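Colleague: Starting from the structure of chain A, add chain B where the hints point.
Just so you know, the protein sequences line up as chains A and B, in that order.
Just so you know, we're using my numbering here: the first sequence kicks off at 1410 and counts up by one.
Just so you know, we're using my numbering here: the second sequence kicks off at 5 and counts up by one.
Derived by calculation from the structure, the hints in this document are not laboratory data.
The structure displayed is predicted, hence computed values, not measured ones.
Every residue gets a Cβ at the ideal spot worked out from N, C-alpha and C, and that includes glycine.
Treat the hints with care, since some could be wrong.
[To be verified] Which stretches of chain A does chain B cover? Using the computed rule of at least three CB atoms under 8 Å from a CB of chain B, they are: (1) 1482 to 1493; (2) 1517 to 1530; (3) 1537 to 1546; (4) 1582 to 1592.
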Amino acid sequence: MTRDLPSERGGASASPRPRAERSSRARRLGKELLPVAVLAIPAAIVVTFIVVPAITVLIHSLFAANALGDVEQFIGLGNYQALFASPTFQLVWINTLVYTVLATGLSMAVALVLSLLLHRRRMNLATTFSLFSPTVIPMIAAANLWLYFTIPGYGVVDRVARFVGLGQMNWLGYPGTAVLTLVLLFTWKYAPYYAFFLIAGLQAVPGHVRDAARLEDKRGFMTFRYVILPLLKPMLLFTLTLSIINAVETIDPIYVMTQGGPNNATNFLMYYLYNLGFNYFNWGQADALSVILAVVLSAFSIVYLYLLERRSFLWQ
Amino acid sequence: MAVVQRLRGQGTRIVIFLIALLWVAPTLWTFYETFVTRGLHFTWANLSTAWQSAPFPEFGLNTLIIVFGLFLVQSLFGAVCGFVLAKQRFFLRTVFFVIFLLQVVIPIYALIVPDYQLLRSFHLLNSRTGIMLPYATSGIAVLAFYQAFRGVPLEVEEAGRLDGCSPAQLLRHIYLPSAFPAMAAFAVVSVSYHWTDFLWPLIVTSTNHARPLVVGLAMLSQASESGAQWSLIAAATVIVTLPILVIFALFSRRIVQAFSTTFHI
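Isolated chain A, as found in the complex (with noise of 0.2 Å):
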């Protein structure tokens, strides 16, 4: 567009109209295409790898296909059939069910707890570092880390309780164990930092409503239920989106800890489409598999950006 001006000014002095005319049409035309040319190969990523994807996963669910992955013959809601017909997958889609309302539920009452002790404190390096270490450690490592606690007889777990008389135990050997393990490893991980918003949350009450409160209630529980929480609950409910869609995703503690044992107990819905995809090959499965946990996602997502985006509005 530099480029452009002398040129232009140049072409005014010799012929005045035609050229100038011309070349602020070129400059219009140009105008409207360069930002459809610079915004192009960034598009075309997205398009590649999300939209196309998504609309060929949804057609793929609706056809069989063979161990390479090849579409063979259109079977309607087949794959779903399928799907839901499999005794495995009615068992994974109940755990990751149980899984999820546990997990955000302690994660939601940890951080909620946290929160109210923190928000009115200035914090030190000890208690940041210790409070969010689990929040910057990968969750490969802190699975590690837990693996390495509950190993029968030699973890710090069974260490301690046989210090106190108890006997040893596997932990990750019994079905509810080996939950309550995952849910506890999931609250350890996520309940600081969605402590962390609600904080942010809670700073926001502005001091004059609490103060007036105060005087009214001593207690401080009906403070709570009838100021605190009301004014708190686009944050609560930002946060709940947050750890929904965070142990609907859950697959790295399982790859670790359980490999979805024992009995299929920890067998959640991502640990089974990776293995649908890439270790039973069940392309068509997968596909259907795929298709429900891009809806079930992507409302969430969806409803997380829009409590982000209306936050930033309320609370400024």
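Modeller: Here is chain B on its own, set in the frame of chain A:
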């Protein structure tokens, strides 16, 4: 009354201290077991055994290339797209907006199967490029820069224009400096996401050649689980977490601040 309140304050402080201790205990304990022998002597032995059991420098280099490469590409695309979307009205603008929003909304977790097949057809499996490519455009980056650029007052831009700035110069001298906070915040979000990302690099890689640290660590712990080399798992986890914990200890305040900016807190 004042005494009760002071006691209550002390009580809260003790509760916070206990919770913090509980939270840091797993990490501290693993570090203790790795570095301290039964006779309470400091040792490098566990660490050096773990270091030799897997190509950690190679994993680390892969992680660095993937994480910072992605951050650079995402920022570049984000800045250019954010600028064009904020400052130009043009044909198909809404369509581009929807495309970038779709990138934010549809998680790659749900598309691992078709994306894997796509990479296979591009012959990009088991490569760093293959790990990075689907993430190269970040809708969050586009939106962050879009909002930052929209906040620049028109007068500033006009002043620059009067001084004879080209659009490229305007971008460099007026817009990019004003987008710096957005970029710093995005850096924390992008780097922390991609350095911990596991599933996608796991699927794409089949040898150590392109594996990032997180995948290498998972492979190591799966392999040694059967052989019960527990101290090896602990030491390998220390190798992977030590750098990030040191960085976090040094810059925790700034990192927390960057996060707050991103989420408009």
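Colleague: Decide, hint by hint, whether the structure agrees.
Modeller: Status of the hints after comparison with the structure:
{"no.": "1", "hint": "1482 to 1493", "result": "violated (count 0)"}
{"no.": "2", "hint": "1517 to 1530", "result": "holds (count 4)"}
{"no.": "3", "hint": "1537 to 1546", "result": "holds (count 9)"}
{"no.": "4", "hint": "1582 to 1592", "result": "violated (count 0)"}
The structure shown violates the earlier hints numbered 1 and 4.
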